[in-house]
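Please model the complete structure; the sequences and the hints are all you need to start from.
Keeping their order, the protein sequence lines are chains A and B.
Note that this note's numbering gives residue 7 to position 7 of the first sequence, counting from 1, and the numbers run on in steps of one.
With positions in the second sequence counted from 1, the corresponding number in this note's numbering is that position plus 1000.
It should be emphasised that the hints constitute simulated quantities derived from the structure, not laboratory data.
Idealized CB from N, CA, C, for every residue including glycine.
Do not take every clue at face value.
As the list claims (entries may be wrong) - Calculated pairs, EDC-like style, for lysine to aspartate or glutamate (alpha carbon to alpha carbon, straight line, at most 16 Å): (1) A:LYS193 <-> A:GLU182; (2) B:LYS1188 <-> B:ASP1083; (3) A:LYS193 <-> B:GLU1101; (4) A:LYS193 <-> B:GLU1103; (5) B:LYS1037 <-> B:ASP1242; (6) B:LYS1186 <-> B:ASP1083.
Claimed, not checked - Residues from chain A that face chain B, not an exhaustive set, calculated with beta carbons under 8 Å: (7) GLY179; (8) GLN180; (9) GLU182; (10) LYS185; (11) GLY188; (12) MET189; (13) THR190; (14) ARG191; (15) ARG197; (16) ILE198; (17) PRO201; (18) ARG274.
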Amino acid sequence: MTTPAASHPSLPDISGHTIVAERYWGRWVAVAIITVLIAALARAFAVGQIEWAFVGQFLTAKSILEGLANTILMTIGAMTLGIVLGVVAAVMRMSPNPVLKGVAMGYAWLFRGTPVILQLLLWFNLALIFPTLGIPGLFSFRTVDVMTPAVAALLGLGINQGAYTSEVMRAGMLSVDVGQYEAAKSIGMTRLKALRRIVFPQAMRVIIPPLGNEFIGMVKLTSLASVIQYSEILHNAQNIYYANSRVIELLIVAAIWYLVVVSVLTPAQMLLERHYGRGGGVGR
Amino acid sequence: MTAVTPPTMTPPAMTPPPGLPPIVSIIDVHKSFGTFKAVDGVSLDVAPGEVVCIIGASGSGKTTLLRCINQLVQIDRGAIWVDGELAGLRIDGDKLYHLPEKEIARQRLATGMVFQRFNLFPHLTALENIIEGPVHVLGKPRREAIEEAHALLKRVGLSEKADAYPTNLSGGQQQRVAIARALAMKPKLMLFDEPTSALDPELVGEVLAVMRELAASGMTMIVVTHELGFAREVADRVVFMDHGAIVETGPASQVLGSPKEARTGAFIAAVLA
Ligand SMILES: Nc1ncnc2c1ncn2[C@@H]1O[C@H](COP(=O)(O)OP(=O)(O)OP(=O)(O)O)[C@@H](O)[C@H]1O
Ligand SMILES: [Mg+2]
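Right, here's the structure in full:
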């Protein structure tokens, strides 16, 4: 092999030199500072007014684990309802029918325009407006019997979530080229079949990252249902500390469990993203 | 459902070659976008097995006319008959009613369409692209659809690429898969909208070869193209469009070789230049 210098006698020959690895002094300084800060924080917590034994003890208390299960169930239930409503609202919003479009826009406006906690309280207190529910002459229930904390939380969180999810779904659908609808139509698909078979699977790539975000948000949003007596983990932790006054210990227990659930969700999202990245150039 | 005024049934201005009744009859079709007339009174009959090439400058309404034929665009006035059915409308006494979406989807099964930008489904492999319609629209058993898809891939010279995703195929290969996808629906008529104009020059030939074979097999084809060589060789008839209207139509050798209209001659000279 001829070195460049051989053909360019005026340039120095560097073919025998080695490249010296770059030193990242800034990073080392940052690591040192952060280590000191974390150590100080850990010491503060260790010597502070926290009985760590209680944290360990209540981490697996029956009532806490039940609360955890209820938090997970409510997250899944409310997100499922939210996704179903979100898809329906997004499809209605994109429909050529102005009535459907208007209904979908009104839905998003109403539920995105009011605080979730207010919506939860409204659902829970529905009996004050409608003492009975049902179809007159066919069947009816006393609202207080139907609107349990779990049902009110599911409706409040799920319907509110649907209003946000519809926007995520719509963005996903808009991200798919119109040529895809046309190709689907040209092989005889109706609009809905084209959406289901061709558009949504492609929109997933755009939909999943924000939806994963909303899922994680929902894990924590379920804690709001404590105000309507739904026994999720925060509600149960509070009930325990009302009795034994170990406020901080029980809040730490709840915090640990929230972190655990969210940590499990993150790799699950990555797996889904990989699945829907099939055939795509980006995001794989 | 709304009744619409019956179209004016003027006889087709352009007569088909003698023989079989036309598979496509376009009768005085008009289509505007806003105030712009994209298709302005076009009449054209296409006989079964005939290959018609449509040429014309950019914006002359060629794509719009093709899209009217398979109802991706709804016409304002006139009538289009495909395979004995009035496109998009139901005749009841002296009234016409718009067909519901399901019926329009069914009518589209008579035509296959190949797009300028391929429009393959990127989340599906070549094989899955081809069986999508047969399985999920026609309800064919998957196994049978796969068998036919392999035969079609072989026909377009892509047996090896069954499991490739569109992003991993060249433009020419993608367009051949798109042709196979359209053929899998067993259409009576194939529409091509500038199928080679998004391709690198060295890939044009492989797509034209597939189309040539298709024409030779007796498929009825309406091809919008700037490939005058292909038109001269394969087309039974060439149609020249300008400003949304048909200016001249006739055998390929006549329209391309000795055009009667000055506008046709100017266009051909510009393309060959
Ligand atoms: N959906 C639409 N909305 C508004 N205008 C349109 C639409 N589709 C087409 N047009 C207009 O109609 C005219 C004819 O378009 P068309 O695509 O049919 O031309 P073309 O002959 O296929 O041209 P090209 O060779 O560039 O493909 C153009 O001026 C175009 O801008
Ligand atoms: Mg065009």
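Are any of the numbered hints broken by this structure? If so, which, sorted upward? 18
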